[in-house]
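K.L.:
Listed here are the chains, written in short residue letters.
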Amino acid sequence: MKILVCISHVPDTTSKINFTENDTKFDTNGVQFVINPNDEFGLTRAMWFKEKQGAELTVVNVGGAETEPTLRKALAIGADTAIRVNTAATDGFSVAKELAKVVEDGGYDLVIAGRESIDYNGGMVPGMLAALTNANFVNNCISLEVDGTKAKAVREIDGGKETVSTTLPLVIGGQKGLVEESDLRIPNMRGIMMARKKPLTLLESVNAKAATTSVGFQKPAAKGAVTLVSPDNLDELISLLHNEAKVI
Amino acid sequence: MSVLVYTESEKGKFKKVALEVASYAKAVADNMGTTVTAITINVEDASELGHYGVDKVLKVNNAQLETFNAKAYANAIQQAAEKESVKVVVISSSADSKYLAPILAVGLQAGYASNVIEAPTSTAPFTVKRTAFTNKAFEMTEINTDIKVIGVSNNSFGLVENTGNAAAEDFSPSIPDLGVTVESVDKATDKVSIADAEIVVSAGRGMKGPENWGMIEELADVLGAATACSKPVSDLGWRPHSEHVGQTGKPVAANLYIAIGISGAIQHLAGINASKVKVVINTDPEAPFFKAADYGVVGDAFEVVPQLIEKLKTFKAQQ
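These protein sequence lines are chains B and C, in that order. Numbering follows the numbering used here, in which position 211 of the first sequence is assigned residue number 211; successive positions increment by one, without gaps. Numbering follows the numbering used here, in which position 12 of the second sequence is assigned residue number 1012; successive positions increment by one, without gaps.
A few of these clues could be false.
Covered, in the sense of this in silico footprint (three residues per stretch, anywhere, with C-beta under 8 Å from a C-beta of chain C), are these stretches of chain B [said to hold, decoys possible]: (1) 154-166; (2) 212-218.
Which chain B residues face chain C? A few, computed with CB under 8 Å, are given here [what the hints assert, rightly or not]: (3) G177; (4) E181; (5) V229.
It should be emphasised that the hints constitute simulated quantities derived from the structure, not laboratory data. Positions of the beta carbon are idealized from the N, C-alpha and C atoms, including for glycine.
One chain only, chain B, in its complex shape:
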C-alpha cells in the first residue's frame, strides 16, 4: 500500500497571533512552526500501517523552502520519502489542486490529511483532494483499518460517531482519536540522522489558481475586566446571566 500524508506547516499551538503590513500578513516573527496537529495524528497512524502492514510512506507539503524543517521532522519520525511542491500555499482550493497532481502521478492508495489546519481552519483540502482525484472520502476520521482494498473507518459526527465501510483509493480527513495522544512520536537521534539522508523531492507547481484571497485580518476586540461574583451570592450570578447577558 502506498500512503501519502499531507503535512501542513503551522504555528505552534501556543503561538501569539499577530499581523503585519497593515494587518494583511501573518507575522511569523518569533513563531515556532510545527506539523499541524491533525496531520500528526494521521502521520502516526500511517507509521502504524508501515510497521504492521508494510506500507510505503511519503509525506508532502505545498510551500516554500521554509517548510522543509517540518518535512524533515516527518522523515525523522519515520516517513520514507518527502515531497515539497515548490509554491506558496495561498488557498485551500489551489493547495488541493497541487496535491491532486502529486496523488495522480504517485498512484497512492491512501491519502491521509488532517481534517483542518490550525492556522486558516479552512477544512477543505482533504475533501477537495478526494473530489479532484475521484477517491472515496471520510472526514473527521477517528479510526481507520485497511484490509487489502477495503477500509473500515469511524468518523465523529455531531453528538456521536459513525462507522463506515469504503474502498481504496481513499482520502481521509483525520483528527485526534485516529491514534492516542500518547502514541505520537518524538523523533530520536537516529531518526534525525537518517532523515538527513532520506530523499526530499522538489516538485514544480502546476500553478493552480486560487479561488479565494485573504485580504486582511482582525484581532478580537480587547476584553473588558471579568465581573467577579462571591461564591456566597450565586443568585447574583444567575441575575447577571439572565438580566445583563440575557443568556439564560
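Given the structure of chain B, go ahead and fit chain C onto it with the hints provided.
P.N.:
Leaving out everything else, chain C in the frame of chain B:
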C-alpha cells in the same frame, strides 16, 4: 439567479442551523437584489422556511438519502445549484456540511469560505469575515470564483424572522455511486451535542476524577446544555475525545460557556473564544481563564456547583 441554501434536517424536521442559514441566505439575497431557494432532503413539511426568508423550496424525497452521505448530498445540492443557475450557495458549519462542502465546491468550481460569522461586507468583490487561527483572529476573505459556497458558523448570525410563504416543488436529483457506506451510528439521542448547543458546561482537571462528573451533567441538564471538557481530561480518559474543546479538539461557539476547574491554557481559550458569554468557576484567582471570562466565581467547584444547580432549579421553576 437566486441564492441557494441547504437546510439540514434530522428525522424529517429542520435542525436549528437550517433556520439560521436560511436567515443568512435571506440577508445575502437582499444585498444582491434576488430571492432565496432552499433545498431540503427528506423533509415532509417545509413551510416553516418561509418564515425565515425562503421564497422557494426544492424538496428532495429519496430513500437512498435517508442516511447522510457527503458525496450524494453534495451532488444533489450541486444539481439544484445548476438547475437554478445560482451564484451563491449557503450551508452550515455542522460536521455533515463541512464534510460535503469541499466536494460541492469542486463540483461547482466554486471558492469555499468556511466558519463565516457575518453577512458579506461586500458582494462585488464578494468579501466575508471568517474566524481563523482557531478563533484567535478573523480573516477577511474575498471569493474570486463565479460561484461561491459560504459555510456559516453556528450561532453566529442568529435567526431572523421574515414574513413570507415558501412555494415548494419536488426535485429529483440523480444519485451517484455512494462510495462510502454507513454500517452503524452511535449517537446519544437524549444529549445535546456541542455543535448544536447554545449553552456548554465544561470541566477540567479541577474536578479531580471522572466520578465527580455527575454534578457537571446535572448542571448541564438544568440548563439544557451540552457537556464538554479540557484536553487533559480527555487525555486522561475521564471523558471521551468528542468532548474535548480546544485547538485540537472541538471549537465552541455557544451563547454561554461555563468553565469549571479549567485554568485556561491558550489552546483551550482559542477553542472557546467564539462563545459570546464566558463564566469561570475556579479556586485559583490567578487562573488565566479569569482574564478571558465575562463572569467569574473564585471558589471550590465542589461547593459552588451543587449550590448553583439548586439555585438554577429554583430560577427555572419561577420562569
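K.L.:
Hint by hint, which ones does the structure fall short of?
P.N.:
No hint contradicted; all consistent.
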